[in-house]
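2 protein chains.
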Amino acid sequence: MSKNKLVKATFAIILVSAFFSSCKPKDSSDAVSGDAAQKVYVAPGKYDEFYNFVSGGFSGQMSVYALPSARLLRVIPIFSVDPQSGYGYSEETKPMLNTSNGFVPWDDQHHLELSQTKGEVDGRWIFANANNTPRIARVDLKTFKTAEIIELPNSAGNHSSPFITENTEYVVAGTRFSVPPDNANGDVPINTYKKNFKAYLSFVKVGAKGEMDIAFQIEAPGVNFDLSHAGKGKSHGWFFFSCYNTEQANTLLEVNASQKDKDFIMAVNWKKAEEYIKAGKGKKVAAKYAHNTWDEKTHTAKSEIRTSVLVLDSKELKDICYMIPCPKSPHGCDVDPTGEYIVGSGKLAALIPVFSFDKIQKAIAAKQFDGEYEGIPVIKYEAALHGEVKKPGLGPLHTEFDGRGNAYTTFFVSSEVVKWDIKTLKVLDRAPTYYSPGHLCIPGGDSRKPFGKYMIVYNKITKDRYLPTGPELAQSAQLFDISGDKMKLLLDYPTIGEPHYAQAAPADLIRNNGQLKFYKIEENNNPFVTKGEKESKVVRQGNRVDVYMTSIRSHFAPDNIEGIRLGDEVYFHVTNLEQDWDVPHGFAIKGADNAELLIMPGETTTLKWIPKKVGISPFYCTDFCSALHQEMSGYVRVSPAGSNVPLTFSLGTNLPATK
Amino acid sequence: MSKNKLVKATFAIILVSAFFSSCKPKDSSDAVSGDAAQKVYVAPGKYDEFYNFVSGGFSGQMSVYALPSARLLRVIPIFSVDPQSGYGYSEETKPMLNTSNGFVPWDDQHHLELSQTKGEVDGRWIFANANNTPRIARVDLKTFKTAEIIELPNSAGNHSSPFITENTEYVVAGTRFSVPPDNANGDVPINTYKKNFKAYLSFVKVGAKGEMDIAFQIEAPGVNFDLSHAGKGKSHGWFFFSCYNTEQANTLLEVNASQKDKDFIMAVNWKKAEEYIKAGKGKKVAAKYAHNTWDEKTHTAKSEIRTSVLVLDSKELKDICYMIPCPKSPHGCDVDPTGEYIVGSGKLAALIPVFSFDKIQKAIAAKQFDGEYEGIPVIKYEAALHGEVKKPGLGPLHTEFDGRGNAYTTFFVSSEVVKWDIKTLKVLDRAPTYYSPGHLCIPGGDSRKPFGKYMIVYNKITKDRYLPTGPELAQSAQLFDISGDKMKLLLDYPTIGEPHYAQAAPADLIRNNGQLKFYKIEENNNPFVTKGEKESKVVRQGNRVDVYMTSIRSHFAPDNIEGIRLGDEVYFHVTNLEQDWDVPHGFAIKGADNAELLIMPGETTTLKWIPKKVGISPFYCTDFCSALHQEMSGYVRVSPAGSNVPLTFSLGTNLPATK
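Chains as they are written, first to last, in my numbering: chain X, 1 to 659; chain U, 1 to 659.
Hints in this document: simulated from the structure, not taken from any laboratory.
A quick note: this is a predicted structure, and the numbers were derived from the prediction, not measured.
Same chains, same names: a pair is fine if it fits in one copy or spans any two.
No farther apart than 20 Å at their CA atoms in a straight line, the calculated lysine to aspartate or glutamate pairs in the EDC-like style are these:
id, residue 1, residue 2
1, Lys46, Asp35
2, Lys612, Asp182
3, Lys486, Asp429
4, Lys463, Asp48
5, Lys612, Asp546
6, Lys463, Asp580
Extracted from the complex, chain X is given alone in its bound form (with noise of 0.2 Å):
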């Protein structure tokens, strides 16, 4: 194709997709039912019915909402540092986003998935990934904290992540941006994409009290893998990930990358892969990767860097993957709660294709193939098709699923909803959405058991759809009701950051799973725990000054600190002696270049802080505590380098005046 060609080609793409984003759409109003609004009403004291985890895309974050409300609840920092909470920035979450490249203080997260047992969502963890720097989180929903977060080797743009098995046995991770393998020799030219460049797809283990650890590897040809389902109840043992420019393109990919009329969905026999780990088949590869585990004991994170991986090599182990012919660059990759269909969603494609799990079988025990696709086998397209949902909609994107034999389709191009029956591939409803909608979200909808009542539909254009803040504005989102044959849109709400994927429970399984409301101070084992007043004390080892510090209404103790030099490093180690929930204390100190604490009651948090300025740094409590907050501070003398002033520390007492 000559440049101009490819150039007019983008062009045309480009002005199919800003005419369906841009047109004016019809008064959404209108096509609110009458008691929309009693419907999403939730009165003050009254809890929502529904959890909803929204990933926060560009914001590394995750968002918890609640349904119907649309209520923000929390933010909860993962793999971007939040210098609200001081994570990332206090000693003891530092390790947290440690990585194989050092700190690194920023994440995109794409896609959450809550941990399921029988294929039931069962209110344990929520896995994240990160896309960026390749990792894998695990949040624990006792605490609603970052427990453990896992690096990636050998991949890049960790897309098609943090999808998980029916009994989370494993969370997986594939490579959107090939990229040779972290121990080849990586200086090479970039146009020689197709020899050097490969696709490694993760397989995380994750054990019983969740911690997880990379099983093995599976290298694939380098193509951008983006999105994935396990396999479930029938297809359990199956993992299932769509990937687009199988042209192996490396440059303007809108154009190189949408030259075939079909891609692939890869079907991944992960049971026959662990018989191949099992048997000796893995070649233990040289990689370094961080694994970073939060331990609820001392509230402190370590960061521990692996040095290798098990890989599997997809080319020559023929019976572990199979590629299946999918539409115009395939995006989502989703699959029923039956675990019979499998949904491709080309994101330039005018239809739909479900797969069938028994077809696919069949096709492999008959070996139906159409060749290979770098040394893997094709089935054919027909052979593996259960059917294809005819004039759908443009730009397929996402399906989820009611759990009544229904499947709900976003279309980004052609701005809308639609639900149609798996089995018929009858379209039954359509829902224009306000603009361009990503991901949907049905609260268990990609697992054995949804709970068919709302729809939440991400959008993302927002243009008009709020009062107006300036060039940049929120993402926004839809909440539908879809408890009867038609969908019917409740409410409009903006977001934080920019949500991709999402999920929800019912919020009893996660109100009932034993929510941790304070940490029990006897059982607080941080080294720099200070567990009662009395023993409070700064001591001073070389430049080093260690200040065990506890808070409680409303005065930290010391609250004057003398002797501090220039040229010191001050940990201040400040234990929340509070025993009840929702009494945390904040810490900051003038002059800090970091950020300041917040304590959680019964925990202990550590700022380092190097100050530059001879003189009186005060320092107070950032969280509104009681009525006696505001006079919650105190102040740290700082001496010139080499002062004689003694080391001393007091509260209530004032220090002797020593000149």
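Please build the complex by placing chain U on the supplied structure of chain X, with the hints as guidance.
Just chain U now, kept in the frame of chain X:
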């Protein structure tokens, strides 16, 4: 007081506080009127009535809500870095967070004030204070961007800020934690507080385009200045500051600063102060403080360090400052719409004193003084008093006004809002809040023209109001309808950070103020702009590599770059060529240890990247921009230091394979 007594006194206060804050309320949903759901519901596609600007507290940012739906429109980064947008990480925005103490990535943002003309909210700018590193910021409401930040020397704990005069002549700042002045020897014992510690009040001049400059500071006694409000109408020309710790304690303030029955409100005649400045009475004092400004033409901030301020001495100039006794540690200091009444809220008091501006003037004229406090005349309490609201509740904190002669005061300890008549001082209504309110907000509620339809109360304790989220909970707000005689609770909603003060304005005032939707590419004067794809290039100067890159749906130009070497500093200057609203692009590269960029249409933004590994680093668009967004990516090849791989860049045409 013996240490034992201190402990007992403290304990008693905690008990009172704990009792009121933890007593289980009756089911508050019973108190909600039947049509509350309809009243807060804003149908999809419809706009809210008010913008509500809410301080972020320990988040350092500002949240923008829409009322009555309580939907969060956006979070605006001001005083803390924002890895989500690149604020504080991009080369252009880094100077915004520079201070005399270097780069400070976090602060504690408590109060907001909309600009006013003739005492009415005018929708041009909103000002924000930083507590920990004393600063004032101005956010431009055409762009919703932080446009300017000025640091305040001689201060610590900048709390009574950023309140303004009725034509936005000045924005003020006080000192909460008195410290030795910056140019004094600060290496003094903390218990020399009374002798060496001072509080400064800053009067920052605001120019026609919003530009800020410290006109003068007033040196005041070493106490804790807490809150403030300008006079208006008849009292225009005066400013009122509450202060506590007039005991001048420096340790265990919860006891030692709660000894006196009355502290003070300080009345400042700033017009008189202006006269003294004109007359050359200001003393030019050395000081070091940063002044940071954002240029909308270059999309770039610059930071300048200033070196002096003019200081007036409140002890010497006897007719600019007067102390008005105010019961028990006054916190809120609020002036009614007429300017006649000044409400002081003693946070340990069980009554509310209301002072009369006319009486204050008469008392000053008649010298009805009770001696002096640290050289400042103290007006007799009764001479200044309009009257007291009797038995209103326990622990009054803040008051706002509805423009119909009514005041609304929050009570932290008794957890309620009380409506009372400003003239008669009669309590008219009371409503429980859940739990323990701090600030409250009525649109225009501290201006001459309140819009008294809604009231939002920001509570300090959340506990069981929403589905639990582990030990850490969001702070909770409550929306009331105050259009009738009785306050009606409409809605509870969690918030971002810790809201302290908030402001609100009719939506049209801001929506129709010339909202900027995108930057015109022809007006982009960023020194590293690339105004068309053909101008994109990569330039090496020594080990500095500048990438002049463009982004447009759906590719970067260039998207293949080779010849980068370990040891290089690479600057990606990304210009978003889009010229339509809400088409941002993002930019992230693997191995970055700072953030991503979000680039608004027509804008140029720069990410610094120091590659640490030899190999191929993918980059991609982080903001879903089109059906082919997933294809919007590229590669950088990093070679070892000293490599002779030539510097090349391309789009669509494969680079020559050089080996």
